[in-house]
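Undergrad: The hints should help you fit chain L onto chain S, whose structure is shown.
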Amino acid sequence: MATKPRDDTDMIAGLLLMAAAAFFGWQTTGLEVGTSLRMGPGYFPMLLSGLLFLLGVWVFLKSFGREGEPTGPIAWRGILFILPAPVFFGLTVRGLGFVPALFLTSLIASQASVKMRPLPALVLAVLVTIISTLIFSYGLGLPFRRFGPWLDF
Amino acid sequence: MDLLSNLGMGFSVASSFANLGFCLIGVLLGTLIGVLPGIGATATIAMLLPITFQLEPVSSLIMLAGIYYGAQYGGSTTAILINMPGESSSAVTAIDGYQMARKGRAGTALATAALGSFFAGSVATFLVAIFAPPLTAIALEFGAAEYFSLMVLGLVMSVALAHGTVPKALAMVVLGLLLGIVGTDVYTGTPRFTLGITQFSDGLNFVALAVGVFGIAEILRNLEDEHERQVMTRNINSLFPNRDELRQIIGPVLRGTGVGSILGILPGGGAILASFASYTIEKKLSKHPEEFGHGAIAGVAGPESANNAGAQTSFIPLLTLGIPANPVMALMIGAMIIQGIVPGPSVVTDQPELFWGIIASMWIGNLMLVVLNLPLIGLWVKLLTVPYFVLFPIIMAMCSIGVYSVNSNVYDLFAVAFFGLLGYVLSKLRFEPAPLLLGFVLGPLLEENLRRAMILSRGDPTTFVTRPISAGLLVLALAVLVLVFLPQIRRRREEVFTESEG
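Heads up: the sequence lines are chains S and L, in that order.
Each residue of the first sequence is one higher than the one before, starting from 1 at the first, in my numbering.
Each residue of the second sequence is one higher than the one before, starting from 154 at the first, in my numbering.
Chain S with its partners taken away, still in its complex shape:
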């Protein structure tokens, strides 16, 4: 079956751009646009959202009629463990304190690789925590609580 050639990557890219433009455009609706003499807070964003939408349409239309390259593998495991690491750190650094939060963050991040075994991961997380605490908390004197209120009994 002969299908028309189409660059899927660019098609998705164009759609995403249009979606982003629509989102920003929707967000500007509440802002005052003003005149070109006294531009309101909405003037410039409105202009840009419109431009972004047009570019999205352009990229989308260009994707038809030519062959795209494959995108290659997607790092699902990486996404699953790398991205939550800073979020977890953010959620716990005040409550648990710097030391336990960092330890758990490194442990989570280390799981992103299939090659990481449990014991090396533990050793690595302990080392990272000790060294970072020495450098950032004691050395540079950053104002972090080393152990937070959640751990007070």
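Think about it this way: if two alpha-carbon atoms lie no more than 25 Å apart in a straight line, the pair counts; the simulated DSS-like pairs of lysine-lysine are: (1) L:K581 x S:K62; (2) L:K256 x L:K436; (3) L:K535 x S:K115; (4) L:K535 x L:K256; (5) L:K256 x L:K440; (6) S:K115 x L:K581; (7) L:K256 x L:K437.
By construction, these hints were calculated from the structure, which means they are not laboratory data.
TA: What follows is chain L alone, placed relative to chain S:
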């Protein structure tokens, strides 16, 4: 003579014991992270940026400059040893450098890269010292309209030099501008695009964006395919080029320095263009063009010099106009703003010690690289054999601490995760992130100058074309856009970038 006394002052600032120390740490850390495969100068600086915030402004910028040179050098090392350039500017080095390494001349290639870079860096530092002050005088004449037009030119140039198709690069600029608008409107105090989250009322954190889009997206890309790397470590020959090789590299180094110095000043990423241009020139001039691609020493010496010279002179638009020429300079601007310095022409007059201190530290940083890194090459090579799965948890921990330490704002850490994902998705869809970062940094400035210019001209948009400097800059920007869309040039441009990816 003014220049000498100014340089003298710069050196006395830069060579204080503490600043030398920070420069050294910067160079070492920069090389350390830059040597990691696939991580280029931009990602390295984004990750290490937060470490410098606790320092005084001068020391912090000196350390950052050190990180920059270190990262670039580290990038060349990986390009030569494992054929994995971290950045497009060292992609050219990989072509012949890796071939030299395969023929057992890795040491010579590394030393050539270092020596060429050092020479080019020294010359270009002098050029910065000579040309920056008079340009500042011109820059002081700039009004809102000129600034607006100049930034438009910079953004257009960054589009022209980005990988991928032109509409996609343009879209990245616009998306960056929109992200830069997030926060409180300076004129009316209205919150924009904050989604009701008060923590974003000061705007999205620049460090979070840079670390996410460049650092974390890079890690995810490396995790896609965890295959073994082949490191050319078994036979690293003696480092120093012999007399015959030295004679061969003099010409390319000189020409590379010249090409790089001129192209580096161009806004939008001239250093990348410089290494390509130098490679092409050397290939044309060579008596043995067939050697290129099979380990020609001139193919390492020329581009590396051009690259470094360009990297150096790209400080000129930053220091005189406050306009970043490439993503790295955008990071520098971010760092300066966080330190409370407004980049632009007033820096020279208001803070001469900072200005000349940075210039002097450029040279010192380059010297340190040569002195330290040639003997330390063995160590960097060992580092290449450290498996990646040990490195990235460390990097993630450092990123988390670093981003949090900027403002102690938990939302910045959520932003890192978001921008990490965004950066990864964008790279999967073959968008280039560099124009996005430039747009993000320039967004607020661009809008402010546009609005100011319109108020000053009483709502007359012709102000941009009736003021001669502004008109000239816009014509230039238009010319670049037209050039990019001309069929022959477009084809040529795509060829160049495909070559670099190969």
